[in-house]
Amino acid sequence: MKKKYPDHEDSEHHNLQKSTPAATFDFIGRDMRIRKHVIGVIRRLYEQHGFSPQDTPIIENAIVFAGHHGEGEEILFRLQDKHGIPLVLRYDQTVPLGRIVATHADLPYPYRRFQIAYAFRDEDPDGRHLRQFIQCDADTVGCSSLAADAEAIMLAYRGLRELGFKWFIIRINHRRIFQAIASLHGLNEEGVVKGIQRAIDKSDKHTREGLEGLKKDLSSYGLSNPVIQTIVDILALKGNPGEILNGIGRILAGQVTAERGIAEIREILSYLPTEVMSVIEIDVSLSRGADYYTGFILEGVINEGDQGAVLGGGRYDNLVEAFGAPPEPAVGMAFGLDRIISTMKSLDMLDGLEVDPDRTLVVSGREDSVNDVIMIAEILRNQLINVSTVFASVPPEKQAELARSQNCTVVVGINQGVEISCVDGNGTNLIELVSSILADKTAIG
Amino acid sequence: MGKEKPTILSGFMELLPAEQLLFNRMFDDIRSIFELFGFSPLDTVGIERADVLLAKGGGETDKQVYTLTKGDARLALPFDLTVPLARYVAQNYTHLAFPFRRYHMSKVHRGERPQKGRYREFYQCDIDIIGDGTLSLVNDAEIPSIIAAVFRKLGFGSFTIRINNRKILNGLFESFGIAEKSSDVLRTIDKLEKIGEDNVRAELKTLELLGTVIDKVFEFIAIKGTNDKVISQLRAMGVKNETFTTGVNELEKVVEGIAKFGVTEDNYQIDLTIARGLDYYTGTVYETVLDDHPEIGSVCSGGRYDNLAECYTDYKLPGVGISIGLTRLFSKLLEAGIIKPETSTTAKVLVIPLDGKFDKAMEVAAQIREAGIPTCVYPDEVRPSKAFKYAHRIGVPFTIIIGGREAEKDTVSLKNMKSKVQEEMDVATAIRAMSA
Chain E
1 MKKKYPDHED
11 SEHHNLQKST
21 PAATFDFIGR
31 DMRIRKHVIG
41 VIRRLYEQHG
51 FSPQDTPIIE
61 NAIVFAGHHG
71 EGEEILFRLQ
81 DKHGIPLVLR
91 YDQTVPLGRI
101 VATHADLPYP
111 YRRFQIAYAF
121 RDEDPDGRHL
131 RQFIQCDADT
141 VGCSSLAADA
151 EAIMLAYRGL
161 RELGFKWFII
171 RINHRRIFQA
181 IASLHGLNEE
191 GVVKGIQRAI
201 DKSDKHTREG
211 LEGLKKDLSS
221 YGLSNPVIQT
231 IVDILALKGN
241 PGEILNGIGR
251 ILAGQVTAER
261 GIAEIREILS
271 YLPTEVMSVI
281 EIDVSLSRGA
291 DYYTGFILEG
301 VINEGDQGAV
311 LGGGRYDNLV
321 EAFGAPPEPA
331 VGMAFGLDRI
341 ISTMKSLDML
351 DGLEVDPDRT
361 LVVSGREDSV
371 NDVIMIAEIL
381 RNQLINVSTV
391 FASVPPEKQA
401 ELARSQNCTV
411 VVGINQGVEI
421 SCVDGNGTNL
431 IELVSSILAD
441 KTAIG
Chain Y
1 MGKEKPTILS
11 GFMELLPAEQ
21 LLFNRMFDDI
31 RSIFELFGFS
41 PLDTVGIERA
51 DVLLAKGGGE
61 TDKQVYTLTK
71 GDARLALPFD
81 LTVPLARYVA
91 QNYTHLAFPF
101 RRYHMSKVHR
111 GERPQKGRYR
121 EFYQCDIDII
131 GDGTLSLVND
141 AEIPSIIAAV
151 FRKLGFGSFT
161 IRINNRKILN
171 GLFESFGIAE
181 KSSDVLRTID
191 KLEKIGEDNV
201 RAELKTLELL
211 GTVIDKVFEF
221 IAIKGTNDKV
231 ISQLRAMGVK
241 NETFTTGVNE
251 LEKVVEGIAK
261 FGVTEDNYQI
271 DLTIARGLDY
281 YTGTVYETVL
291 DDHPEIGSVC
301 SGGRYDNLAE
311 CYTDYKLPGV
321 GISIGLTRLF
331 SKLLEAGIIK
341 PETSTTAKVL
351 VIPLDGKFDK
361 AMEVAAQIRE
371 AGIPTCVYPD
381 EVRPSKAFKY
391 AHRIGVPFTI
401 IIGGREAEKD
411 TVSLKNMKSK
421 VQEEMDVATA
431 IRAMSA
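Here the protein sequences line up with chains E and Y, keeping their order. Mapping of the first sequence onto my numbering: residues 1 to 445, in sequence order. Mapping of the second sequence onto my numbering: residues 1 to 436, in sequence order.
Be aware that one or more of the hints could be misleading.
Claimed, not checked - From the structure, some residues in chain E lie toward chain Y, with a derived Cβ separation under 8 Å: (1) I39; (2) G40; (3) Q48; (4) P57; (5) I63; (6) Q80; (7) R99; (8) P108; (9) P110; (10) C143; (11) K202; (12) F323.
Simulated from the structure, these hints should not be mistaken for lab results. Predicted model only: the values in this text are computed from it and were never measured. Glycine included, C-beta positions come from ideal geometry on N, C-alpha and C.
The following block holds chain E by itself, in its conformation from the complex:
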């Protein structure tokens, strides 16, 4: 027998308190509309820049993601199909882009696409990393011009501005500088360069102890003292981007790779308007996790960056080639939707945020006023007002709850087509509208 008001503790049913996997979340109502709003801003930005939409499967052949993310591969979600073929959940949007370009010989180049979609990573759910999150990527494939790199920075800048962030920094680095640091100390194997990259990526770059703290941290990742000293010397450089690039050039003097990296950054920066230059910071401690980056890399942080990076990207000229196709240079960037929203939340930017729809009107009525509910709903919808209908009488004390849950400005209750009650002060105009509709009807009827 079903009980009317069950006590969950005695219930034979699941304990649903923990029924979603750790570090994953359901979204509903206003939370969902905030997500749609932020996605909308980013999508419009990408469309304004002429990027076209792309979607890829959530499940990919495991081989697609093999060899692109270093240690990241340990947190791939793995599964199998019926034939035992190893599969993975999409870890990012960039690697599938490489697969698309490698398997479609007839794409128009440059291939400029954006993809706003979930990625899945089996992260240790420590509260900082989600296991399911939305990435908003825009990439240009088949273009070696550094103007495309500059556009990636422009997208980052305009996106953060249009989302309403006031204080942010876009950090820039170049993968060749890591090579040059290694090479300066006679270390040239790819593994060593990756090790330096990884140590810098993992280490706490902005500790309270400053550079001393970083030194300790870097040595704990197995870097030798001379290498650490070079890194620390570069990080100690002060000044505007041009001055810092000069300083790096001095410290890494004679290293051809460094000269190339620095020259590329200079060219990229030369395409940027002054307003964008004002948020640019050259940061040699910036590494980015992915293995596939080959050139300039970027990252965006809000204020002091307490929330971590809200965007990242860079140039990756070898990814397509890795899929067995002719090489295609590529560059791109991505906003992390969940990071952006949590940052907006921490800055109290969500409370007054206008989302679409800004209101949903709930019209409710007992069964004997169904005709009125239908008529009012239809007239309002014709004016493109979103209307939810409730075909049951909602007691006054429940109307406020209904209004809150539907994120609406007013609840109109109709009884026999005459009485109207409203539960939110903001809804005054709608109440008048509904009243006038009813008055007209009464006049005709």
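Could you slot chain Y onto chain E? The hints should help.
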């Protein structure tokens, strides 16, 4: 690194931009109607606990679920949006206001054997109205008005919403004394359109139905006519069964209600043959067909169920809902030529820098975007002919050339790609020309 070219898995749809733009337009159109009818957007987690997803159990579904073998091994991918809804409502029961109206548009996964027209990953677009304890039949009557609004917005020509009530079928079978076989019989009747009357009769025989009963079943499904006529013919059958009578009464009430919601009778019709395969529908059921393309089958289906979340909670949560299988619908529409991709970009103009005038090109592009015109900069130094070819490929209606001369004179060379007319002018004039 592997040098072999990996491909996508079979049974997965991946679109290139021209088709993706079409797909997104349909997706956005459907969403706007769901919003217009005041449904709240819901997005549940993309990976669920396997024991939660499979709580109901049921051989076929269990076999189709993708479970994750690494990491947390107790996770699985949702195979529909109804089970996650049931889980969500049960979990958040105390915080929700009922009737709870939500829409959910998301990918789901089923590891079935891929065959033509079947996808292992596909979008579902669902709406449901969930009541607490009870839910008025008026909601069943409202659903067709939402279906109608969606398909009017999508604009694939005329359509018919077919309506039935499972209680009529179940009651009829009870009265024949074949209640225990009702789901098998329903499944067989469901195939009528696909395999024809003779085959359905043969299959019903294998279910050990008496010839007289089979005749009666066919007499029943032969009932046709206007909605009023069907109701009166059902009553005239004189079936002495409470479930049957309730079903006819419900159907009558729903059909009357649909008219009040402004759906005209040429858009809906009682069809006693539709049952919807799923066992969980208990009352009203819907299917929708495009009148000019019946071969596509039902493009939007659903129905009423008595108890959404019985696996998760003791609260009785009746509901009514519909689902559009957008991936399948899209591929069928494309195949039938009902929709056609036009352009592969939303950009209105491609700015082509010549003579290394990248910074000027980017500056002009920024000005044009400021006027609300989506603008793409060709990010490489190329011959104009190559850039024009590219403009044709992506289907952008205008191009702007900025070379040394234009940069010096602070002008642009605007070309209408259709008329092929190219003129030099200032940026403001170009913006006006493109906005016209």
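Grab the minimum C-beta distance from I63(E) to chain Y and call the hint holds if it beats 8 Å, violated otherwise. Hint on I63(E): holds, closest Cβ of chain Y at ~5 Å, below 8 Å.
Restraint outcome when P110(E) is required to lie within 8 Å of chain Y by C-beta distance: Holds. Min distance 6 Å.
Close enough to count: is the Cβ of F323(E) nearer than 8 Å to one in chain Y? 6 Å, holds
Report holds or violated for the interface hint on G40(E), using the least CB-CB distance to chain Y and a cut-off of 8 Å. Interface hint status for G40(E): violated (10 Å vs cutoff 8 Å).
Report holds or violated for the interface hint on P57(E), using the least CB-CB distance to chain Y and a cut-off of 8 Å. 4 Å, holds
Status of the hint placing I39(E) at chain Y (closest C-beta pair under 8 Å): With a minimum Cβ separation of about 11 Å from chain Y (threshold 8 Å), the hint on I39(E) is violated.
Interface hint status, K202(E) versus chain Y (Cβ within 8 Å): This interface hint is violated because 21 Å lies over the 8 Å limit.
Can the hint on P108(E) be confirmed by a CB-to-CB distance to chain Y that is less than 8 Å? 4 Å, holds
Taking the closest Cβ pair, is Q48(E) under 8 Å from chain Y? 5 Å, holds
Could you check if C143(E) really has its C-beta closer than 8 Å to a C-beta on chain Y? 5 Å, holds
Interface hint status, Q80(E) versus chain Y (Cβ within 8 Å): 6 Å, holds
Can R99(E) be said to touch chain Y, with a Cβ gap under 8 Å? Check passed: Cβ of R99(E) comes within 6 Å of chain Y, closer than 8 Å.
When held up to the earlier numbered hints, the structure conflicts with 1, 2 and 11 and fits the remainder.
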